[in-house]
Amino acid sequence: MGSEIEAEAEALVRKFLEAVDMNDAEALRPFLADDVMYHNIPMDPVVGADAAVAFLAGFMAMCDKMEIETHHLAVRGNVVLTERTDTFTMGQKVAPLPVMGTFEVRDGKIAAWRDYFDLGQVTTMLGGEG
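Take 3 as the starting number for the sequence shown in my numbering and just add one per residue.
Hints in this document: simulated from the structure, not taken from any laboratory.
Treat the hints loosely; a few may be bogus.
What the hints assert, rightly or not - Below, simulated SDA-like cross-link-like pairs (lysine to any residue); rule was C-alpha separation at most 25 Å, straight line:
1. LYS17 - THR87
2. LYS67 - THR126
3. LYS95 - GLU8
4. LYS17 - GLN94
5. LYS67 - GLN123
6. LYS17 - THR126
7. LYS111 - ALA51
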């Protein structure tokens, strides 16, 4: 049986991932701590809610639609692990990307978010190959 901290962390991350589907980076700001560290592991991290929202806005601008399907979710304390497929639609191209994500929750906000994925697959997807 999970603790109240775990239940709150899980609920926050599930709501956050649902909000990503709106393809509106500003809608994600309320979920993020002011000093959030957002790190797509193959790339450099961004620190701070403003930087994270700006990064997400730039990425979302490249997509017509973005959907997240969570396959598995595990929680221990304030850490939430996700196994997902993030699907990006750009024009006629629909590109599913397998992702493992780690979220650390502090005071009801996401304080750290790390996503692990194959950067080569993203490069191919954005380059219009494959």
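Evaluation of the provided hints:
{"no.": "1", "hint": "LYS17 - THR87", "verdict": "16 Å, holds"}
{"no.": "2", "hint": "LYS67 - THR126", "verdict": "18 Å, holds"}
{"no.": "3", "hint": "LYS95 - GLU8", "verdict": "37 Å, violated"}
{"no.": "4", "hint": "LYS17 - GLN94", "verdict": "28 Å, violated"}
{"no.": "5", "hint": "LYS67 - GLN123", "verdict": "18 Å, holds"}
{"no.": "6", "hint": "LYS17 - THR126", "verdict": "30 Å, violated"}
{"no.": "7", "hint": "LYS111 - ALA51", "verdict": "11 Å, holds"}
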